[in-house]
Each structure stands twice: as C-alpha cells, then as structure tokens.
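My request is simple: use the sequences and hints to build the entire structure.
Number of protein chains: 2
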Amino acid sequence: MKKYNDCDLKSCFLCRNSLASWLPAIEGHKRNFIMRKGEAIFHEGDGVKGIYFLYKGTVKVHKRWGSEKELILSFAKPGDIIGYRGLGNEKVYPVTATAIEPVTVCFIDLSFFETTLEVNPRLTLSLMKFYANELQEAERRMRNLAHMEVKGRLAETLLHLRNRFGLAKEGYIDILLTRQDIASFTGTTYETIFRVMNEMSEEKLIRVQGKKIFLLKEAKLEKLLDVKNLPQARKEGPQKKK
Amino acid sequence: MKKYNDCDLKSCFLCRNSLASWLPAIEGHKRNFIMRKGEAIFHEGDGVKGIYFLYKGTVKVHKRWGSEKELILSFAKPGDIIGYRGLGNEKVYPVTATAIEPVTVCFIDLSFFETTLEVNPRLTLSLMKFYANELQEAERRMRNLAHMEVKGRLAETLLHLRNRFGLAKEGYIDILLTRQDIASFTGTTYETIFRVMNEMSEEKLIRVQGKKIFLLKEAKLEKLLDVKNLPQARKEGPQKKK
DNA sequence: GCAAAATTATGACATACATCATATTTTTAG
DNA sequence: CTAAAAATATGATGTATGTCATAATTTTGC
Numbered sequence: 004m005k006k007y008n009d010c011d012l013k014s015c016f017l018c019r020n021s022l023a024s025w026l027p028a029i030e031g032h033k034r035n036f037i038m039r040k041g042e043a044i045f046h047e048g049d050g051v052k053g054i055y056f057l058y059k060g061t062v063k064v065h066k067r068w069g070s071e072k073e074l075i076l077s078f079a080k081p082g083d084i085i086g087y088r089g090l091g092n093e094k095v096y097p098v099t100a101t102a103i104e105p106v107t108v109c110f111i112d113l114s115f116f117e118t119t120l121e122v123n124p125r126l127t128l129s130l131m132k133f134y135a136n137e138l139q140e141a142e143r144r145m146r147n148l149a150h151m152e153v154k155g156r157l158a159e160t161l162l163h164l165r166n167r168f169g170l171a172k173e174g175y176i177d178i179l180l181t182r183q184d185i186a187s188f189t190g191t192t193y194e195t196i197f198r199v200m201n202e203m204s205e206e207k208l209i210r211v212q213g214k215k216i217f218l219l220k221e222a223k224l225e226k227l228l229d230v231k232n233l234p235q236a237r238k239e240g241p242q243k244k245k
Numbered sequence: 004m005k006k007y008n009d010c011d012l013k014s015c016f017l018c019r020n021s022l023a024s025w026l027p028a029i030e031g032h033k034r035n036f037i038m039r040k041g042e043a044i045f046h047e048g049d050g051v052k053g054i055y056f057l058y059k060g061t062v063k064v065h066k067r068w069g070s071e072k073e074l075i076l077s078f079a080k081p082g083d084i085i086g087y088r089g090l091g092n093e094k095v096y097p098v099t100a101t102a103i104e105p106v107t108v109c110f111i112d113l114s115f116f117e118t119t120l121e122v123n124p125r126l127t128l129s130l131m132k133f134y135a136n137e138l139q140e141a142e143r144r145m146r147n148l149a150h151m152e153v154k155g156r157l158a159e160t161l162l163h164l165r166n167r168f169g170l171a172k173e174g175y176i177d178i179l180l181t182r183q184d185i186a187s188f189t190g191t192t193y194e195t196i197f198r199v200m201n202e203m204s205e206e207k208l209i210r211v212q213g214k215k216i217f218l219l220k221e222a223k224l225e226k227l228l229d230v231k232n233l234p235q236a237r238k239e240g241p242q243k244k245k
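Residue numbers (this note's numbering), protein chains in the order written: chain A, 4 to 245; chain B, 4 to 245.
Read the hints as simulated data drawn from the structure, not as lab findings. A few of these clues could be false.
When chains are identical, the list treats them as one kind, so a pair holds in a single copy or across two.
Okay, derived cross-link-like pairs now, EDC-like style, lysine to aspartate or glutamate, Cα gap no bigger than 20 Å in a straight line [stated by the list, open to error]:
1. K72 with E152
2. K132 with E117
3. K72 with D229
4. K132 with E121
5. K94 with E140
6. K52 with E117
7. K226 with E152
8. K132 with E47
9. K226 with E71
10. K59 with D83
11. K94 with E47
12. K72 with E225
For clarity, every value in this text was computed on a predicted model and none was experimentally measured.
Okay, here's the thing in structure tokens:
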C-alpha cells in the first residue's frame, strides 16, 4: 500500500455531502493510497479502522462462505464510499474490498469520521438515506436469489452494470469483468454463467467479445426480470387465489 | 383499521431514542390502530405516508415476485419500527407488512417523523446504525441464499427465531408460524421445509408439536451453518489456493 | 519474451429442490 | 356448531443448476 496524494476534495461521497467550511478539516485528515490489481483494501473480519473513498479505479466488495463460495455485493467506482458496511454495532468488516484494477483510495480514520458526522447533520441524514437505499436494493436481490432463475438474474446483473458504469465509446458496458466475477455477483457458478451467456448470445440479446459485453435487446432483457414466462399456464380455471 | 389508544411512549424505537423533552410532541402526533390477523398495515408499492411502531402482536414483512413467490424479510415484535424500508429516495414501500396475529401499531406521519429526525440528531445516528446492521444482516442472508443449502438455512432460521423471540415457558420457540411462513423466510417452498424439518426431527435436532418447535441440539444446528460437511474432501494435495 | 498463472471453453454426470397431485387434519368465520 | 378455508402431509416426477474433468487460450510477472 503506497502513499499517494491526489484527491480533489470534490468528488467523493464525503466531500459532496459535507459543509464547505469543513473541507479543510477533511483535507488535513485524509490519507491517499494506491493499490495494485488484486490487492485487498480490507478483509472480511478485520477490525474497522476507518472508512474509504474510491478516487480512481474499480473495487469489488465481496463476502465468502468457506474458502470457495463467494458472493460479490457490489462494484465500486470513483466517488463511492467503501467500508460503510462496517459501521454497525460490531466494528468488524462483514466484507472484503478488493481492487480489480489499480485504484487510488482516500482513507479517513473512524474517530475523525464520527466527528464529521456530528458536525454535519446533513451528512448523517444523507448517509442514512443512502443505507436505506442500499437495504432496499439488497433485499430486492435477496428475493431474486430466492425466486428468479439464473437467466433473469444475469439479465438484471447486465442491466445494473450498464446503468452503473455506462457504455464505452465502442458501445460495450464500461466495466470489464471476468466471467467468474459476473457469476459471483449473480450468485451462481462460472460454468452456469458461461452457458447462460452463450444462450443469450445465440438469442442475440447480447454480444460478447472477450470481456466486452454489448446489450443488443434491452427490452427483451428487461422482460426476463418479469415473472415468467410460465412454461405453460396450467391453472386455467376461474379459481382466483387471493 | 380501528383506532385504539394505549401506546406507553416508552417501549418503541422512536421513544427510546428521542429526547425526553420531545416525547410530548410525539404524544400529540401519534395515532394508534389495531388490526386483525391477516390484515396488511401497508402494501408493497404503496406511497409512504409515515412510519409505524409495533406495540402489540407480530407482523411479517415480506416481498413478492409475481403472485405466488414470496420472501419474508423479517418478523417484527413489539417495540420494533416498521416501514423504515420506505425511507429511501423513492417514497414507496418496497415491502408489505402483514399482521400474523392481532396487532396494535402506532403511526407517525412522515413530515413529523422527519422533523423529529432534525430535532434529535442522536435518533438519526441511531437509525443510521440500525440500517447499517440491517444491511449487514441482509447481505449475510443473501450470501446464504446463494451458497448454503436449505438445511443450513433452516437451521439459521430456527436459531434466529429463537434468539429474537426467545423461548416460551414450555420450552418452544416463542413464535408460532405456519410452515409456509417458515419456508418463505428461509427462501424455499413449503414442501421442502416439510421434508427438511422431518429430517431434523428424525435426527433429534428439533422436536415439532404442531406449530411449536423445540431446539434439542443447538450446537449441532450451529454446525449446519458452517461450510460443509464436504461429501468427500477431494482435493487432498498441498495446492493452496490464495 | 517466456514460464506460470489465470481465465475461458465445453462435455458428462449427479442431485437438491421445485412442481404437481391428492388426501387428511386443523382452523376460522358466520 | 358447522361449512368453508387454510394448513399439513406425502409420494411421484422433472429440471435447473452444481460438480467434475480436461483442454485451449489469454494474461501476467519477472
């Protein structure tokens, strides 16, 4: 972890939501670091020392079960806050944050961050609403994991990534992930993602060129999120279940 | 929804975390209601009018996909806040809250609640930490849905319910749920829960008497949460994966 | 620039779980 | 108290997806 200093005090979640008069205090406390691809910013189980803001690069936030099974909870991009999942009662990170390309992060130690919250009630409220949104999203994904099949979840993953990372000039989703990472984010295995992506390619819903993914028929992808698609509607009778 | 008034201004999340001097204001704004078993306090998709506190009874908070598939996110008991999932950016409930036994709830309208947050920074902070904990829990359950099999998830469900609702004098978990609700909370179907509960009964891990569930071997149930249990450990070699 | 490591590709096979059907028992409402 | 509705019980059957094995290709580190 090498020190580096180039945060602009403008783009991160913290600076965007703090009083202008507080920015100098942040300036005085922040510490910037750069990390290489594959390095972890913190690990699941580590004590929480502070909070991070991503300045450059991409980070995956993930959680393990045993040594093999992994679930990726989110991909962070510049400006995003990282480590907020550790701010609950138990001051231990429930997730690992790993750089998936070279990153620059800004670190704020916990006690200064807590002071910042006290001084900026608006920040606390913003953060509260931010959590509320995250919770909503997490619980929607929970429902999808419980009830949707992989194809629908993959469609959701692709649309989500496209919304969050936009399109590169060439037209592909502007984040390059391994199939394994796509699988871990979707909550399935590499092999299944491989097969379902092939299926979508054959149906011309997407086009895949190495790690570049193009969405060809977004409307059809969105339909995959709907309740199916019933193999055959069976219960035709007028018995309405309330 | 019949009006009824017997909240004590002491036990709910709001009263516990507000300044004593603010309680009279709450007193003046709260409205209590009673509802029958099966009635919904609000529905997924409804606009958020305010927030509720459960005074008496039990409520399930759930989310649907289509008309059949349901996932229960939590069971609320007296003192719990309900409806906080609707406080994100979009003012629409992402869940339904349904009484599973007769309940008394206390309603606080949104604008007064927002004022309360402004006046009680400590409440805002408490609520923020509360969300942080909820998010952590939701994401742990997400991982479990993605990677654990039903038996492990059911073990977790039972231990969770026992921690949250305690034991009745007779020794059973002090909440009486239908198998369908247990299934919806665990993220599976009635039939599967039925079978896995039988299996656990045969193994003497639990004892079931109608809706009363006794945990006989908690240590063994906890072990079911660990990474398996590998059918056979295969890769014996010293190849360590980093 | 090359060896090692990671990623992608793909078929064969196993299985946990959902689905469907139907009967019985329990609970609820009028 | 009784009819209707809900919950429980249980077998038969299908399938989506995980697991395993192995090879080819791409990327990475020195």
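Is it within, between, both or neither when you check K59 against D83 at 20 Å Cα-Cα?
For K59 and D83, the Cα distance is within 20 Å only inside one copy (10 Å; across copies 41 Å).
When Cα atoms must be at most 20 Å apart, do K226 and E71 count as within-copy, between-copy, both, or neither?
For K226 and E71, the Cα distance is within 20 Å only across copies (18 Å; inside one copy 32 Å).
K94 and E47: within-copy, between-copy, both or neither at 20 Å Cα:
within (11 Å within a copy, 33 Å between copies)
Is it within a copy, between copies, both, or neither that the alpha carbon of K226 lies no farther than 20 Å from that of E152?
within (13 Å within a copy, 29 Å between copies)
Please sort K132 with E117 into within, between, both or neither, judging by C-alpha distance up to 20 Å.
Both ways: K132 and E117 sit 17 Å apart in one copy and 12 Å across, limit 20 Å.
Measure nothing new, just compare the shortest in-copy and cross-copy C-alpha distances for K52 and E117 to 20 Å and report within, between, both or neither.
within (12 Å within a copy, 31 Å between copies)
Tell me, please, which holds for K72 and E152 at an alpha-carbon limit of 20 Å: within, between, both or neither?
both (19 Å within a copy, 12 Å between copies)
Alpha-carbon proximity between K132 and E47, which holds within one copy, between copies, both or neither at 20 Å:
between (24 Å within a copy, 19 Å between copies)
How would you label the pair K132, E121 (within, between, both, or neither) given a Cα cut-off of 20 Å?
both (16 Å within a copy, 14 Å between copies)
Which holds for K72 with D229 at a C-alpha limit of 20 Å: within a copy, between copies, both or neither?
Classified as between; 12 Å across copies, 28 Å inside a copy.
Measure nothing new, just compare the shortest in-copy and cross-copy C-alpha distances for K72 and E225 to 20 Å and report within, between, both or neither.
between (28 Å within a copy, 19 Å between copies)
Evaluate K94 and E140 at a C-alpha cut-off of 20 Å and name the case that applies: within, between, both or neither.
Only across copies: K94 and E140 sit 14 Å apart there, 23 Å inside one copy, limit 20 Å.
Comparing the model with each numbered hint stated earlier shows that all of them hold.
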